[in-house]
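Q: Sequence:
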Amino acid sequence: MRIALFEPEIAGNVGNVMRTAACMGADVHLIEPLGFTWDDRRVRRAAMDYIDHVQVTRHASFAAFRASVGPGRLVLFTTKSSASIYDFAFEPTDILLFGKESAGVPAEVADLADARVRIPMRAQVRSMNLAASAAIALSEALRQTGQLP
1 MRIALFEPEI AGNVGNVMRT AACMGADVHL IEPLGFTWDD RRVRRAAMDY IDHVQVTRHA
61 SFAAFRASVG PGRLVLFTTK SSASIYDFAF EPTDILLFGK ESAGVPAEVA DLADARVRIP
121 MRAQVRSMNL AASAAIALSE ALRQTGQLP
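The numbers in my numbering rise by one with no breaks, and the one at position 54 of the sequence shown is 54.
Worth double-checking, as some hints may not be accurate.
Pair ranges (Cβ atoms, derived) [stated by the list, open to error]:
{"#": "1", "residue 1": "GLN147", "residue 2": "ILE51", "range": "18 to 24 Å"}
{"#": "2", "residue 1": "ASP39", "residue 2": "THR145", "range": "30 to 36 Å"}
{"#": "3", "residue 1": "ASN129", "residue 2": "ASP52", "range": "22 to 28 Å"}
{"#": "4", "residue 1": "VAL125", "residue 2": "TYR86", "range": "16 to 22 Å"}
{"#": "5", "residue 1": "SER139", "residue 2": "ALA103", "range": "23 to 29 Å"}
Treat the hints as calculated values from the structure; they're not laboratory data. Every residue gets a Cβ at the ideal spot worked out from N, C-alpha and C, and that includes glycine.
Make a model of the complete structure from these sequences and hints.
A: Right under this line is the structure:
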């Protein structure tokens, strides 16, 4: 199971996703450009010493990511979907894709996704935090596929 972050903008979110991935045994792919300097202290502060327990791969672009990531369905998490993650059947090789905090992914990236799913939430709110969304999604995907640590 892999997590891919499309052009993430907030270092603390990336650090928290890395920490979650380390705890759950998932790899993290960062699709550039990033909205912060990679050596940003905030990444390490959020990831803490867990940063040494997660495989992180940086990709110069979405095209570079697609060319090197290997097999697996691209599952886009988006508020624009009506399909719940709890009704979706995850597979062990899925790549869980999350868009940038301010804008998600562009239409041309969304069109390349094999599936689009949504984390159910109250109608009065716009969206969840990126790191929280990734944790919820990864936990459900691992639970469904019998890969929980």
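Q: Failing hints, ascending?
A: As far as the earlier hints go, not one is violated by this structure.
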